[in-house]
Amino acid sequence: MSKRKFILPLVAAGVLFGQAVGPDTAGSGIPGCPPTVTANAGVVLVCPSGDGDPLTNAVGGIDAKITLTVSDSGGLPIPGVPASDMWLVGCNDGLLLCGGTQGSQADAATNASGVTTFSNEPISGGCDTGLYVSVQGVLAGDPSTCVLRCLAIATRSPDYKSAGAPGPAPCGGDIGCPDGRVSNADFSWFVTHYVTNSNPGAPYLACADFAAPLGSVTLADFAKFSLHFAGAGHKCPI
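Numbering-wise (this note's numbering), the sequence shown opens with residue -12 and increments by one.
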């Protein structure tokens, strides 16, 4: 689930960021510091079928849309960076992106000001406490410092466990091992954190908390889980 397996192929093929990031006195278009990102903090439910919470409507109605700016070392914008060359990954490698980077690409190519956005949630399973934005393998940073920035947008999916082959091996406890499908394995995990009369001491786990009010796993979370578990279970389309 490492983000490296999604980054390396584009690093090799990249034209904007084919060299190490550093000063560029000639103004060749290679940034002097990483691309930069801004976003409000929030929590979104993500699903392998792509019908989770959009970033523009995170839990509680928060607009956590991500804005990315790409410019060269002279501060000039770099327009026309393809949407497919910009994507999201979990800061802690906790997400299983459906179709690799295709499941989390930018809304559009960078505009004349070198700006684009991410409005939709990653098409993904898993759980992570934050998101990185990658531009051709270069992770974006804070606009005021150029320091690498993990955006405080938590992503939580009903697909948290694997049912086994053809997916990854099942894993026990609260270890995440998503397989791109919401299955009985996920249900068995979720209900261990859902407080009921027969399980009044169910321990809280943030990865099972999809709905407001955050901080407890309630009927609202069960309802959201059930929506994605219904039928054959939501799964990666690609």
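It is possible that part of the hints are untrue.
What the hints assert, rightly or not - Calculated pairs, DSS-like style, for lysine-lysine (alpha carbon to alpha carbon, straight line, at most 27 Å):
| no. | residue 1 | residue 2 |
| --- | --- | --- |
| 1 | K52 | K211 |
| 2 | K222 | K52 |
| 3 | K211 | K222 |
To be verified - Label pairs and their in silico Cβ distance ranges:
| no. | residue 1 | residue 2 | range |
| --- | --- | --- | --- |
| 4 | D129 | F174 | 38 to 44 Å |
| 5 | D50 | A70 | 50 to 56 Å |
| 6 | P187 | P64 | 54 to 60 Å |
| 7 | G67 | L192 | 22 to 28 Å |
| 8 | D161 | C137 | 37 to 43 Å |
| 9 | A219 | S131 | 44 to 50 Å |
| 10 | C158 | C133 | 22 to 28 Å |
| 11 | A199 | G62 | 39 to 45 Å |
Hints were generated in silico from the structure; no laboratory data involved.
Yeah, the Cβ is synthetic: ideal placement off N, Cα and C, and Gly gets one too.
Against the structure, the hints come out as follows:
1. K52 - K211: 22 Å, holds
2. K222 - K52: Holds - the C-alpha atoms of K52 and K222 are around 24 Å apart, at most 27 Å.
3. K211 - K222: 15 Å, holds
4. D129 - F174: 38 to 44 Å: Since D129 and F174 have Cβ atoms about 40 Å apart, the given range 38 to 44 Å holds.
5. D50 - A70: 50 to 56 Å: 20 Å, violated
6. P187 - P64: 54 to 60 Å: 56 Å, holds
7. G67 - L192: 22 to 28 Å: 43 Å, violated
8. D161 - C137: 37 to 43 Å: Violated, since D161 and C137 (Cβ atoms, about 22 Å apart) do not stay within the stated range.
9. A219 - S131: 44 to 50 Å: At roughly 47 Å between Cβ atoms, S131 and A219 fall inside 44 to 50 Å, so the hint holds.
10. C158 - C133: 22 to 28 Å: 37 Å, violated
11. A199 - G62: 39 to 45 Å: 40 Å, holds
When the structure is compared with the earlier hints, violations turn up for hints 5, 7, 8, 10 and for no others.
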